[in-house]
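A.B. asks: Spelled out from the first residue to the last, the chains are:
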Amino acid sequence: MLRSLLTRRPDWTVFITACVLSIALMLLPGTAQMRVAWFLQHVVLAPVSVTVDAAERGVSVYWENQKLRKRLAELRMEVDALGSMREENVRLTRLLGLRTSAPRDFLAARVVGRSLDRLGGSLTIDRGSEDGIEADAAVVTPDGLVGRVERVMPHGARVLTLLHRDCSVAVRLTRSRVQGVVQWQFGDLPILELLYVPFQEDVKPGDLVVTSGLGGRFPDGVRIGTVERVGLAENGLLKSVTIRPAVRFERLEEVLVFVPGAKGVYPEPPTIIAPAESAAVPADSAAVADTSAGAGAAPPKPAGGTP
Amino acid sequence: MKGVRDAGILLVALLLQATLAHRIAIAGVRPDLLVAFVVYLGWMRGPVPGTVGGFCIGLYQDLDAPGPFGLNALSMSVVGFLVAKAGFRVHRSNIGVRFVFFLLSMLVHDLVYFAVDTAGDAGQLLRQIIFSTLPAALYTALCVLLLLRLVEQFSGRPLLADEV
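Chains as they are written, first to last, in our numbering: chain A, 17 to 323; chain B, 51 to 214.
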């Protein structure tokens, strides 16, 4: 009878057998079920289990990798943002340090505009006459002298940098105390020229150039740059000296503007500026520096720098 | 040749079920591609391969299943057998027929499974059917239809072909 059932209705036979086997497995005691399961898992279906487990691990690693890549990209962006903030913090801290050395006489300003020429001969800052800024006030950064205020508006001011032909500065060399006037050397390079230096004076490449304070427009001892090249002028009477500015004009973002004190004199130079020198120098040799174009807008201030 | 092809499809279904199903779950509802494979086996190969295949795959699922050992084997065997019997001479290439078959197969599978698992508690069985089986059956049917469409478009021939 069983044989005839198998031959005549194999589908039903297989189905009934599968059902009976399934029910039998369910009715087995727990330990026997565990044995059967162990046998199936570790003997019969071991290759299948290994393959599926490996694929699952591989896909999990892939997904995790994707998630970690995304997280890495986010963290990189965050690090970049933090780096930018840190740089800004350092910059502002330096400015603050400069300001706290003479809190009454400095005013921090943000650069909000630049001239269209390649060198950036003039800047626009966000402080003006309403903030106490006057024309011809010196503008500095912790690196050195930037230039002077040319025109003042109520809430802004135009600053002529050292890379402008109308901005000349009376300077001296810290090593040999040679004096002269610094002016931008016409061209496409941010190079300054030291004028009116007789050929017999002691000037060497690497000499530090600072403001002399003569003429009263700029404070004494503010760094200008370093001597880069020394030669002889065409007339043979004067030296031809080029100076590399200390300030990177194209990267300026914040500056400090000197605001004259109540007595109309400039304050003590900040500590980060070049070493102070107190030797008296004849005023007439460098006063010519402050007679440049546009200087007449403000009355001349008393010379002397350090009180 | 058919055996190799079916083994390949089973392997793909196993891999997808193990690696992808839980990643595309919606509110905890995930497609059951192994039930879909048993439907395919019963539908295309007949009641004996459908029942045997369903039993073996169910047994494999039972190794990790929380329910009684052998319960998946029973419900899968029932699905394989019933699909083979009911799907005889129907338009397998018709998308509506496919959808109904996959949906009903999931319902039958879960009905058998939960009927035993809940020990005949009708209230609990109804809750399971409404909140677990129906969403899973719909999701499985939709996923499988999409998968079939992709495979058939890619291979250029129907995976579930009508009988000649």
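Because the hints were derived from the structure by calculation, they are not lab data.
Treat the hints with care, since some could be wrong.
Cβ pair distances, simulated, as ranges [as the list claims (entries may be wrong)]:
hint: 1; chain 1: B; residue 1: 139; chain 2: A; residue 2: 81; range: 14 to 24 Å
hint: 2; chain 1: B; residue 1: 135; chain 2: A; residue 2: 81; range: 43 to 53 Å
hint: 3; chain 1: B; residue 1: 185; chain 2: A; residue 2: 126; range: 54 to 64 Å
Because the structure is a prediction, the values reported are computed rather than measured.
Note that CB positions come from ideal geometry on N, CA and C, so glycine has one too.
A.B. asks: Are there hints from earlier that the structure breaks, and if so, what are their numbers?
C.D. replies: Number 1 only.
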